[in-house]
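Engineer: Listed below are the residues making up each chain.
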Amino acid sequence: MSSLDPRRLVLRNDVAELQRLAGWIEGFAQHGISSDVSFAVQLCLEEAVANIIMYGAARDERLEIAVELERNGATLVARIEDNGRQFDPTRAPPPVVATSLEKAKVGDLGIHLMRSFASGMDYERREGRNRLTLRFIESTSPAPE
Amino acid sequence: MVSPFRREAITAMTAGAGADGPSHRCCMDLSAEDLPGGITKVVLQGRFDTTGAVVMELPFNKIVTERRKIIVDLSAVNFLASYGIRVLLVGAKIVKSKGGNLVILCPDNNVAKVLKTAGMDALIPIHQTETAAAAALTS
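Here the protein sequences line up with chains A and B, keeping their order. Just so we're aligned: the first sequence equals residues 421 to 565 in the numbering used here. Just so we're aligned: the second sequence equals residues 6 to 144 in the numbering used here.
In short, the hints are calculated from the structure, not lab data. Treat the hints with care, as some may be off.
[To be verified] Think about it this way: if two alpha-carbon atoms lie no more than 30 Å apart in a straight line, the pair counts; the simulated DSSO-like pairs of lysine-lysine are:
hint, chain 1, residue 1, chain 2, residue 2
1, B, Lys101, A, Lys523
2, B, Lys103, A, Lys523
3, A, Lys525, B, Lys121
4, B, Lys46, A, Lys525
Values in this document were obtained by computation on a predicted structure and should not be read as measured data.
Produce the entire structure from the sequences given, and follow the hints as far as they go.
Structural biologist: What follows is the structure in structure tokens.
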């Protein structure tokens, strides 16, 4: 089983940091990660970190958001840790299915996308910090035509 | 009276720092052109993430408030996050509220998967060719 050293990026709660996150993931994904898993990691980390940046802090509070990526064989593990207000995305209710465009609610899709594109998602609150772990599993079967 | 777009392009481009990996550029383009039948085609290009969506929101909303038949070409969008979906959904709702329609053209595989997972394919029609998209707007 191959294993790369974990890589860690620390971000501030500033929307401009999302670009830095995207570039960092792109660099990690160049090390033998499939395009499907790379897309899923980019999407889930974008959603998770954007949520912390936009809703995790009280007014003017500075947050530290640490992101780690680690690959173990066919599994890629992403950990996101922040010192913002307590929030467990695994307990968020699923979005309401809209029956028409007029009735469709705007928003509340980020966590649903994370649940759908990650293979697993776990949360714990420890020592005043949110710790979210996302797992992505490389498919061993050939990509469909 | 609504002025014709003929062809209008808006580009938002910013460069990211390279200290944590390869230099990353976040770039998104929007262009709009008039097609026969009173249809406006909006071509989006780049990464429709939070950063791109924040920048595209105003020019996109301007178009959807002025036009009634809109094709949004996503064939050159390589990434879509929830804020991008939000911009598309708000746009489609605005057009619908004015008696018009907005359809999506040719998203790539991963972008189509995001749209489907979010349930957008049931709310905003998705077409694979411009001919089919235009026909849906003029039927």
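Engineer: So, against the hints stated earlier in the document, which numbers end up violated here?
Structural biologist: none
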